[in-house]
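Top line first, the protein sequences correspond to chains S and P. According to UniProt numbering, the stretch in the first sequence is residues 1 to 394, in order. According to UniProt numbering, the stretch in the second sequence is residues 1 to 452, in order.
No lab work stands behind these hints, which were simulated from the structure alone. Nothing here was measured: the structure is a model prediction, and the numbers come from that model. We put the beta carbon where it would ideally sit given N, CA and C, even for glycine. There's no promise every hint is true.
Derived lysine-lysine pairs resembling DSSO-like cross-links, with alpha carbons at most 27 Å apart [unchecked claim]:
#	chain 1	residue 1	chain 2	residue 2
1	P	K172	S	K37
2	P	K370	S	K37
3	P	K378	P	K172
4	P	K139	P	K338
5	P	K347	P	K194
6	P	K139	S	K51
7	S	K37	P	K194
8	P	K194	S	K369
A few chain S residues that don't get close to chain P, going by computed Cβ distances all over 10 Å [claimed, not checked]:
#	residue
9	A259
10	P343
11	Y373
12	G374
Some chain P residues flagged as far from chain S (calculated, every beta-carbon gap over 12 Å) [said to hold, decoys possible]:
#	residue
13	N55
14	L57
15	K58
16	S174
17	P313
18	E320
19	Y403
20	I420
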Amino acid sequence: MRKYSEMDSEARRSIAGRCKTKPKPWRKNLYDNKGYKDNYTDESFLEELRKNIHFQEVHYRAAFIKAGLVTQQLCVVVLYSLLFASMDVGWIEPVTVLYLCGITTTLGYIIRTFLSPRFERSCHNSSKASFSGGSIFTDLVTVIKCLALGYIVSPVLKTLTETISTDTIQAAAAIAFIVHLATYDYGIGNEPGLPYRATSHKSDVIAPSHWSKSASSSDKTVPEKYLTENIPSASRYSRVQGSKTSSLPHDNPSRTTSALSLNAAIFGAICLASRLESPSHAFALLSVAGLAFALSPPFLRLLHHWPPARVAIPLALFIATVYSLFICCGGTDGEDWVENQIPVALFIIVVAFLNILCPCMFVLWQTHKDNIYGPWDEAIPLIQSTAHNVAVSD
Amino acid sequence: MRHRLCMASDFFFPNMGGVEEHIYSLSQCLIARGHKVIVLTHSYGDRVGVRYMTNGLKVYYLPIKVFYNQCVLPTMVASLPLIRYILIRERITIIHGHSAFSTLAHETMIIGRLLGLRTVFTDHSLFGFADASAIITNKFLEISLADSHHCICVSHTGKENTVLRARVHCNKVSVIPNAVDTAVFTPDPSQRDKDKITVVIVSRLVYRKGVDLMVEIIAELCSRYPEVNFLIAGDGPKRGLLEEMREQCSLQERVTLLGSQEHSAVRDILVKGHIFLNTSLTEAYCMAIVEAASCGLQVVSTKVGGIPEVLPPDLVYLTEPDVPALLNGLEMAISDLKANKCLTPEKCHERVSILYNWMDVASRTETVYKIVSQEPTKNLGSQLKSYIKSGVLPFLLVISLCYIILRILDWLVPRDLIDISRDFPLPAEQFKPNNCIIKQRKPKKKRKARTS
Numbered sequence: 001m002r003k004y005s006e007m008d009s010e011a012r013r014s015i016a017g018r019c020k021t022k023p024k025p026w027r028k029n030l031y032d033n034k035g036y037k038d039n040y041t042d043e044s045f046l047e048e049l050r051k052n053i054h055f056q057e058v059h060y061r062a063a064f065i066k067a068g069l070v071t072q073q074l075c076v077v078v079l080y081s082l083l084f085a086s087m088d089v090g091w092i093e094p095v096t097v098l099y100l101c102g103i104t105t106t107l108g109y110i111i112r113t114f115l116s117p118r119f120e121r122s123c124h125n126s127s128k129a130s131f132s133g134g135s136i137f138t139d140l141v142t143v144i145k146c147l148a149l150g151y152i153v154s155p156v157l158k159t160l161t162e163t164i165s166t167d168t169i170q171a172a173a174a175i176a177f178i179v180h181l182a183t184y185d186y187g188i189g190n191e192p193g194l195p196y197r198a199t200s201h202k203s204d205v206i207a208p209s210h211w212s213k214s215a216s217s218s219d220k221t222v223p224e225k226y227l228t229e230n231i232p233s234a235s236r237y238s239r240v241q242g243s244k245t246s247s248l249p250h251d252n253p254s255r256t257t258s259a260l261s262l263n264a265a266i267f268g269a270i271c272l273a274s275r276l277e278s279p280s281h282a283f284a285l286l287s288v289a290g291l292a293f294a295l296s297p298p299f300l301r302l303l304h305h306w307p308p309a310r311v312a313i314p315l316a317l318f319i320a321t322v323y324s325l326f327i328c329c330g331g332t333d334g335e336d337w338v339e340n341q342i343p344v345a346l347f348i349i350v351v352a353f354l355n356i357l358c359p360c361m362f363v364l365w366q367t368h369k370d371n372i373y374g375p376w377d378e379a380i381p382l383i384q385s386t387a388h389n390v391a392v393s394d
Numbered sequence: 001m002r003h004r005l006c007m008a009s010d011f012f013f014p015n016m017g018g019v020e021e022h023i024y025s026l027s028q029c030l031i032a033r034g035h036k037v038i039v040l041t042h043s044y045g046d047r048v049g050v051r052y053m054t055n056g057l058k059v060y061y062l063p064i065k066v067f068y069n070q071c072v073l074p075t076m077v078a079s080l081p082l083i084r085y086i087l088i089r090e091r092i093t094i095i096h097g098h099s100a101f102s103t104l105a106h107e108t109m110i111i112g113r114l115l116g117l118r119t120v121f122t123d124h125s126l127f128g129f130a131d132a133s134a135i136i137t138n139k140f141l142e143i144s145l146a147d148s149h150h151c152i153c154v155s156h157t158g159k160e161n162t163v164l165r166a167r168v169h170c171n172k173v174s175v176i177p178n179a180v181d182t183a184v185f186t187p188d189p190s191q192r193d194k195d196k197i198t199v200v201i202v203s204r205l206v207y208r209k210g211v212d213l214m215v216e217i218i219a220e221l222c223s224r225y226p227e228v229n230f231l232i233a234g235d236g237p238k239r240g241l242l243e244e245m246r247e248q249c250s251l252q253e254r255v256t257l258l259g260s261q262e263h264s265a266v267r268d269i270l271v272k273g274h275i276f277l278n279t280s281l282t283e284a285y286c287m288a289i290v291e292a293a294s295c296g297l298q299v300v301s302t303k304v305g306g307i308p309e310v311l312p313p314d315l316v317y318l319t320e321p322d323v324p325a326l327l328n329g330l331e332m333a334i335s336d337l338k339a340n341k342c343l344t345p346e347k348c349h350e351r352v353s354i355l356y357n358w359m360d361v362a363s364r365t366e367t368v369y370k371i372v373s374q375e376p377t378k379n380l381g382s383q384l385k386s387y388i389k390s391g392v393l394p395f396l397l398v399i400s401l402c403y404i405i406l407r408i409l410d411w412l413v414p415r416d417l418i419d420i421s422r423d424f425p426l427p428a429e430q431f432k433p434n435n436c437i438i439k440q441r442k443p444k445k446k447r448k449a450r451t452s
């Protein structure tokens, strides 16, 4: 930005010297600047440029807590993969897995039933949608239906990918889980009660001081008829910003991404399940997939309404994952156990990167945010939500 | 000085729109001022080859397939031989590209510069900076304009936008507005409904034109004023919204949807109305409000982009782009109309015809041509140097490749083997603005003698 002003100041001075004889001041319109050259650049050039209007400063605390959500989901994926690995080598029997799965689901369901009404008011849209099941009976019917379907199709799944090599399947599953993690709805920005200290409408005029003519002073010259509402131009953009949040409830991007996320995770789960030795193995693994990827996200989101849980759950999951990974990699047995523990180290490094380095970079690099706004921006229409409009836009 | 101009753009008739209008009208006026003008565009359906339009405006419809949004795929090398052939054949001296979205314009300008020609670019649109597509498009524009000789914008807001987007020096950007053929857009108050007030809307029915606002406003205003009717010309993906609103509020009698209209029919629609409503969300210039004002209508418009610069305050009611403000503006227009406080249609027409005419635009564009034709010719090295500024270094390879292909073509298809096309005879006597054309005939004959 500074480049232009420096470049121009000299040229402008020379033009100003030439224009001294013309008393009529230049005005920003297309009809009464006779006598000025077409490429004349006035002092008011880029006067209406604003920077970082919608800027919301994120503090370290919020950044770390948000990053914890990524870690949490990463842990779920790693734990799931570990479960696959241990079933593949035969450490865990499918029946054990199913028992554990049943107990966890029942426990979760009971906790949910008690907690849900407490947070009902502040409940997030999507968690409400998936939990408004009604009575225990209907929920039970749903569970039985899903289990029956899973049980019926698991022999098919078992032989589904027989012709494809294991490497391919593992690669596909890895990609699917990465897609799951990338598109998961971490609820950024629409989670209630997070300590966002919003310093919105923080606009600074970037024009150098010698151009100084404040935006609001120009309004004096505007004839009465020119405006039906006399709003200083600075507030115009903030109005636009306000309308953006209020007028676009339908365009919540998290809906599409969370669907994609769930699909990717289930695809990965099916890929892995098809590698196991028997249909009952596949069925057990798929049931866990349903638990881990379909039921746990809204449940965890519900728990996150209680602030300490935002730190505690990712931390607990992280410790559990590191421990399981450590056990699966053979613990401290053998001569070269340090070499066997490389996956543990990798996992810790990844989590450190995600949870410490990334939030720090995000917070530090906020100063480089340089969005520019001006009269050329597309206005965002403020639509009143009258009855017919809602019908139309849906 | 007589220039040989090539207007290059993906957008030209039979396509309809502001850019097409601009190119056609500007070309006609430049021809009338004694210049030679050809238009370069891609083929439209079976319209391929050369066509002559009024006053010998030669249009080349290049046989290139459309890639996306009426634009050709910018391959840089594929259409190079053809463009080179045409530029040499027509002995072009200045290339004038139109519209930032037109890839053909950018391609032709880059090839033209490598051939040592001058290039001028007119930007017709505004663009934001916020999303990914804007960032990419702006980078492309920056690359393309890095070495351009001059830019023209249609409004001061457009100039600010172009200087920021393409990082061109602000003294290299001129502001020359569009104009309106005021001889066509004349008022005719006898066509108006005597006891009703008709609000006319002429626009494509797309999101950017604020159709969502339009729907709300029509429903609300019709319930407040039983004497107000709406006349809407234009078509687009958002037409369904308007139709649905009309059904739900049972306004079939009062809201007329005319659908897509020929540009020549627009005047007859405009004169039927008292008030013109424009709800655009972004607009570099907005020809529609000037046409409406020229037909003597009260114009109510959103205050976005370059619109506040276009008409003087006594011809337009400017409002914020939201429903209450626009309704307020319309109510003021209606009450002024009832109290007879507004200018008469004839007065409006008179004022607009003083403000804007194409001959003025053409003479101002001529000044730009004069400036660029005096600039020194850059060799390949200094051209490449100006592309370095943009920071996309691989593009230097593209330019170099184009240059090498041009040299190979100079050997394969030598310049002296390319037929020089005969110029269309100068236009009839009444088009001549002054006798300067007669003076220019002599050097033209000399040139012909030299080439033959």
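Tell me the numbers of any earlier hints that the structure contravenes, in ascending order.
Going through the list in order, the structure violates hints 4, 7, 8, 11, 12, 16, 17, 18 and respects the others.
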